[in-house]
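*Asks:* The lines below spell out each chain.
Protein chains: 4
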Amino acid sequence: MTRAGQMLETYPADLGDVDRQKLTQCIEACFECAQTCTACADACLSEQNVAELTKCIRSNLDCADLCDTTGRVLSRHTGYDANLTRTVLEACAAACKSCGDECARHGEMGMQHCQVCAEACRRCEQTCRDLITSL
Amino acid sequence: MTRAGQMLETYPADLGDVDRQKLTQCIEACFECAQTCTACADACLSEQNVAELTKCIRSNLDCADLCDTTGRVLSRHTGYDANLTRTVLEACAAACKSCGDECARHGEMGMQHCQVCAEACRRCEQTCRDLITSL
Amino acid sequence: MTRAGQMLETYPADLGDVDRQKLTQCIEACFECAQTCTACADACLSEQNVAELTKCIRSNLDCADLCDTTGRVLSRHTGYDANLTRTVLEACAAACKSCGDECARHGEMGMQHCQVCAEACRRCEQTCRDLITSL
Amino acid sequence: MTRAGQMLETYPADLGDVDRQKLTQCIEACFECAQTCTACADACLSEQNVAELTKCIRSNLDCADLCDTTGRVLSRHTGYDANLTRTVLEACAAACKSCGDECARHGEMGMQHCQVCAEACRRCEQTCRDLITSL
Numbered sequence: 001m002t003r004a005g006q007m008l009e010t011y012p013a014d015l016g017d018v019d020r021q022k023l024t025q026c027i028e029a030c031f032e033c034a035q036t037c038t039a040c041a042d043a044c045l046s047e048q049n050v051a052e053l054t055k056c057i058r059s060n061l062d063c064a065d066l067c068d069t070t071g072r073v074l075s076r077h078t079g080y081d082a083n084l085t086r087t088v089l090e091a092c093a094a095a096c097k098s099c100g101d102e103c104a105r106h107g108e109m110g111m112q113h114c115q116v117c118a119e120a121c122r123r124c125e126q127t128c129r130d131l132i133t134s135l
Numbered sequence: 001m002t003r004a005g006q007m008l009e010t011y012p013a014d015l016g017d018v019d020r021q022k023l024t025q026c027i028e029a030c031f032e033c034a035q036t037c038t039a040c041a042d043a044c045l046s047e048q049n050v051a052e053l054t055k056c057i058r059s060n061l062d063c064a065d066l067c068d069t070t071g072r073v074l075s076r077h078t079g080y081d082a083n084l085t086r087t088v089l090e091a092c093a094a095a096c097k098s099c100g101d102e103c104a105r106h107g108e109m110g111m112q113h114c115q116v117c118a119e120a121c122r123r124c125e126q127t128c129r130d131l132i133t134s135l
Numbered sequence: 001m002t003r004a005g006q007m008l009e010t011y012p013a014d015l016g017d018v019d020r021q022k023l024t025q026c027i028e029a030c031f032e033c034a035q036t037c038t039a040c041a042d043a044c045l046s047e048q049n050v051a052e053l054t055k056c057i058r059s060n061l062d063c064a065d066l067c068d069t070t071g072r073v074l075s076r077h078t079g080y081d082a083n084l085t086r087t088v089l090e091a092c093a094a095a096c097k098s099c100g101d102e103c104a105r106h107g108e109m110g111m112q113h114c115q116v117c118a119e120a121c122r123r124c125e126q127t128c129r130d131l132i133t134s135l
Numbered sequence: 001m002t003r004a005g006q007m008l009e010t011y012p013a014d015l016g017d018v019d020r021q022k023l024t025q026c027i028e029a030c031f032e033c034a035q036t037c038t039a040c041a042d043a044c045l046s047e048q049n050v051a052e053l054t055k056c057i058r059s060n061l062d063c064a065d066l067c068d069t070t071g072r073v074l075s076r077h078t079g080y081d082a083n084l085t086r087t088v089l090e091a092c093a094a095a096c097k098s099c100g101d102e103c104a105r106h107g108e109m110g111m112q113h114c115q116v117c118a119e120a121c122r123r124c125e126q127t128c129r130d131l132i133t134s135l
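Read top to bottom, the protein sequences are chains A, B, C and D.
Using our numbering, read the first sequence as starting at 1 and increasing by one per residue.
Using our numbering, read the second sequence as starting at 1 and increasing by one per residue.
Using our numbering, read the third sequence as starting at 1 and increasing by one per residue.
Using our numbering, read the fourth sequence as starting at 1 and increasing by one per residue.
Here chain A stands alone, though its shape is the one from the complex:
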């Protein structure tokens, strides 16, 4: 079991009827996407054609920040607020969609780090939407 899964298992109070598997997957996807987007912004900076990648870098930075915050909010269960959770997940999914689209475009043109990043964004967006549905 991953550390995120272990932390859910050892939470000392009632977690309610949350779908633990979907929650764990979403937390892990958020932290992974935050890392990948941070790295992709930096990889874009080192490309010869950085001037054509400025929108991608900006999307990466926003998405990293949103995923980071969403991963943190989802890691907390005390005083759970379903409305706030949903709103944050929707903002995160929007950032992942936007960044995933931008990165996929560059990935198709051969930029490999953007291809990897697009996959992380798609994965994170999907886990956010799956979790929203299960709330």
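These aren't lab readings, by the way, just hints derived from the structure by calculation.
Hints are supplied without guarantee of correctness; some may be wrong.
Copies of the same chain look alike in the list, so a pair counts if it works inside one copy or between any two.
Simulated pairs of lysine to aspartate or glutamate, EDC-like, Cα-Cα distance not exceeding 20 Å [claimed, not checked]: (1) K55 with D14; (2) K55 with D81; (3) K97 with D81; (4) K22 with E108; (5) K22 with D130; (6) K55 with E119; (7) K55 with D130; (8) K97 with E108; (9) K97 with E9; (10) K22 with E90; (11) K97 with D19.
Using the hints, position chains B, C and D against chain A.
*Replies:* What follows is chains B, C and D alone, placed relative to chain A:
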């Protein structure tokens, strides 16, 4: 002029028809509220009745993270995405509303740091809503 | 290969003579520890004896922030600055040592989330020190 | 009094013999510098000669993250750890020095946002060093 205002003035490309005053106020309120909520979570931890303040601490931590990310997103103008901006502002306003309500309740019972924090949350929520309206 | 490993592999410029395995392990440990510490602070908040865990919660929050920032700094390679990297790694190792010690104490007394968190902190501290040595 | 100052005044436990003015100034400078560096990275992205500014952008991003984390650590007083505080302040001062030097160079060549950012970095570095001396 504040540093946030100076950074807007010296941005080298077109800012579009954003309301600069509302944007500056919202950026500043986000960073201020991130600090205040971080400090309020810690002040609650040092209260004798911390066991009654756990929901407040959790709201503080979420609100600090949301305000932090929102302040960062609003500080970027390259490749501006109105939909994402609006979604992030709505999540931030929701976190500020929730934390502000919680803190105001404790503030009325004499907890002064919660009173200060409730004011920061109200202010930040209002600047988010004003900015959404102006988008 | 993990996404963090793939991002290193696809970085478009020269990474210098960095030990890629140690770097990947440290990046992953930082993001994992940021998640674990965020979750442990929240789990402590839900314990009956939260009043005895306030120092632990504070250590968790500091450690989460340090690991988060360190994981981001290590995910960037453009304009690499060895001195800054070393200083940041030392601050992160110090936070992990301090939080790991605190959590281990509670873990020995049966608090399982603190036990899991202590392991994440030990692991992250070790990967930071291994990376410092290899710089 | 600023909100950061009010939060220090209303902290419910003993703050020890910390220099409150130096602490307040450092907290405020950290959050201000985090905002300024985030905005400067984005302003650099929109410059015609972005390809010559990639090291500056990277320094901005690191400095924003370090200042953010340092501002958070300094906003907590519960279970105060002087060694960790000092180590974090030194990492922050190093990031501010590095980013301030880089931005000052571009500021002298007429890049106004870098000039504003250099001032925020110098100010933040100085408040960190003043606080270290007073610990």
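*Asks:* Hint by hint, say whether it matches the structure.
*Replies:* The hints, checked one at a time:
no.	hint	result
1	K55 with D14	between (43 Å within a copy, 14 Å between copies)
2	K55 with D81	between (34 Å within a copy, 10 Å between copies)
3	K97 with D81	between (24 Å within a copy, 12 Å between copies)
4	K22 with E108	neither (30 Å within a copy, 31 Å between copies)
5	K22 with D130	within (7 Å within a copy, 34 Å between copies)
6	K55 with E119	within (18 Å within a copy, 27 Å between copies)
7	K55 with D130	neither (28 Å within a copy, 26 Å between copies)
8	K97 with E108	within (16 Å within a copy, 40 Å between copies)
9	K97 with E9	neither (30 Å within a copy, 24 Å between copies)
10	K22 with E90	within (15 Å within a copy, 24 Å between copies)
11	K97 with D19	neither (23 Å within a copy, 27 Å between copies)
In the structure shown, a violation is registered for the earlier hints numbered 4, 7, 9, 11, in ascending order.
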